[in-house]
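J.: Residues 1 to 356 in this note's numbering are what the sequence shown lists, from first letter to last.
Rather than coming from a laboratory, the hints here were simulated on the basis of the structure. Check the hints yourself; a few may be wrong.
Stated by the list, open to error - In silico PhoX-like pairs for lysine-lysine, Cα to Cα no more than 20 Å straight-line:
#1 K184 / K155
#2 K226 / K205
#3 K184 / K159
#4 K348 / K334
#5 K263 / K290
#6 K155 / K229
#7 K136 / K263
#8 K185 / K172
#9 K82 / K51
#10 K177 / K155
#11 K82 / K65
#12 K243 / K341
#13 K82 / K348
#14 K212 / K226
#15 K212 / K243
#16 K290 / K308
#17 K263 / K51
#18 K74 / K226
#19 K2 / K37
#20 K205 / K2
#21 K263 / K159
#22 K159 / K177
#23 K82 / K243
#24 K172 / K226
#25 K334 / K290
#26 K155 / K263
#27 K155 / K185
#28 K172 / K51
#29 K205 / K136
#30 K136 / K155
#31 K51 / K37
#32 K341 / K177
#33 K51 / K65
#34 K2 / K136
#35 K51 / K74
#36 K159 / K136
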Amino acid sequence: MKAVILAGGAGTRLWPISRVSRPKQFVDLVGDEPLIKDTYRRLLRMFPSEKIYFSISPSYECFIKDIFPDVDDKNILIEPEKRDTGPAMGFVAAVLGVDDPEEPIVFIPSDHYIGDEEIFLRSLSVGNSLILSTGKLLDIAITPTFPSTVLGYTKISDKHNEIDDIEIYGFKSHHEKPDYETAKKYLDDGSYLWHASYYMWTPQKFLEAYDKYSPEMGSVLREIQKEYKKGGDISGLYSQLTKISFDYAVTENMNPEDVLIIKGSFGWSDIGAWDTLHDRLSVDSNNVTKGECALVDTNSSLIYGFNKNKLIAVVGMEDVVIVDSEDALLVCSKNSSQNLKGLISHLKKNNLDSLL
Numbered sequence: 001m002k003a004v005i006l007a008g009g010a011g012t013r014l015w016p017i018s019r020v021s022r023p024k025q026f027v028d029l030v031g032d033e034p035l036i037k038d039t040y041r042r043l044l045r046m047f048p049s050e051k052i053y054f055s056i057s058p059s060y061e062c063f064i065k066d067i068f069p070d071v072d073d074k075n076i077l078i079e080p081e082k083r084d085t086g087p088a089m090g091f092v093a094a095v096l097g098v099d100d101p102e103e104p105i106v107f108i109p110s111d112h113y114i115g116d117e118e119i120f121l122r123s124l125s126v127g128n129s130l131i132l133s134t135g136k137l138l139d140i141a142i143t144p145t146f147p148s149t150v151l152g153y154t155k156i157s158d159k160h161n162e163i164d165d166i167e168i169y170g171f172k173s174h175h176e177k178p179d180y181e182t183a184k185k186y187l188d189d190g191s192y193l194w195h196a197s198y199y200m201w202t203p204q205k206f207l208e209a210y211d212k213y214s215p216e217m218g219s220v221l222r223e224i225q226k227e228y229k230k231g232g233d234i235s236g237l238y239s240q241l242t243k244i245s246f247d248y249a250v251t252e253n254m255n256p257e258d259v260l261i262i263k264g265s266f267g268w269s270d271i272g273a274w275d276t277l278h279d280r281l282s283v284d285s286n287n288v289t290k291g292e293c294a295l296v297d298t299n300s301s302l303i304y305g306f307n308k309n310k311l312i313a314v315v316g317m318e319d320v321v322i323v324d325s326e327d328a329l330l331v332c333s334k335n336s337s338q339n340l341k342g343l344i345s346h347l348k349k350n351n352l353d354s355l356l
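Could you put the whole structure together from the sequences, leaning on the hints where they help?
T.: This is how it looks when you write it as structure tokens:
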């Protein structure tokens, strides 16, 4: 099996630290190293370095080269332009399918927190075995702990099997980013899991899925593969691909009989917003800080300072997020930190693109 680290996203819900110019996967949000470096280190426990690839947008190549100077150029798969996970994953499948169309690949988000690495890597190993034995798409989903409106949901059916203490279930359907009331119903239902985006299949099977469920994209991806084999320019073809996630383009339309779901029980979090980062790092809902901070009568808050020459002093606050970068300061309630779209739209409307 090959591992492909998806690192092309912008992560604007973690503004002002995560920006289009330097997104969260390249920032030390959780510890002392960027999230993507932690992801790579984790994978090296299972995969040889030559079987770990990066899928990135063109503007992020400099970050990969800086963080991973020893990675071979052939392991850096650069999209001609940023066009969401539908085109990005299809491009990877087309490229890796040239030489090894039947070797399974797993797509790994670059910005997730994993608590138990042993169980996580064992889940990937079980997924690899099931692809080879069943020919089905494997994905990992997580038992939800609150009604999230920013994650997709996977509805599972009966338990299919259990291998090495890893539970595998049948697949019923996929639902992207529901509203709050629907998310509450999913949580109460018990058969809906958070979609963690660890798709596993062979390059050939991925391309066949595009052919079947998104035929216009499938046709272009086949042309891209042919042109790539010849060493030609694929940028014109790639620009024809619809900007859409793989979830919308393929997963929501798939025949449930072609999919199996691994229930992830390894302590997972999508570090997608400031409140989820606080929940993951806090002890007993206490404060989470970074940098020089002085807190008095302040509780259940996240205070992050990235200016080494500035003290952040907070008095009498509760459930707030304060993030101080070199050129911008964010102050908001923790409950509203999941939705910074209005702020990003405001910056765009007022021509403050340098802050995006």
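J.: Each hint: holds or not?
T.: Do the hints match the structure? See the list:
no., hint, verdict
1, K184 / K155, "14 Å, holds"
2, K226 / K205, "17 Å, holds"
3, K184 / K159, "23 Å, violated"
4, K348 / K334, "23 Å, violated"
5, K263 / K290, "33 Å, violated"
6, K155 / K229, "38 Å, violated"
7, K136 / K263, "16 Å, holds"
8, K185 / K172, "16 Å, holds"
9, K82 / K51, "24 Å, violated"
10, K177 / K155, "13 Å, holds"
11, K82 / K65, "18 Å, holds"
12, K243 / K341, "19 Å, holds"
13, K82 / K348, "19 Å, holds"
14, K212 / K226, "19 Å, holds"
15, K212 / K243, "18 Å, holds"
16, K290 / K308, "10 Å, holds"
17, K263 / K51, "25 Å, violated"
18, K74 / K226, "18 Å, holds"
19, K2 / K37, "17 Å, holds"
20, K205 / K2, "15 Å, holds"
21, K263 / K159, "10 Å, holds"
22, K159 / K177, "25 Å, violated"
23, K82 / K243, "8 Å, holds"
24, K172 / K226, "34 Å, violated"
25, K334 / K290, "16 Å, holds"
26, K155 / K263, "11 Å, holds"
27, K155 / K185, "12 Å, holds"
28, K172 / K51, "32 Å, violated"
29, K205 / K136, "8 Å, holds"
30, K136 / K155, "17 Å, holds"
31, K51 / K37, "16 Å, holds"
32, K341 / K177, "15 Å, holds"
33, K51 / K65, "17 Å, holds"
34, K2 / K136, "17 Å, holds"
35, K51 / K74, "11 Å, holds"
36, K159 / K136, "15 Å, holds"
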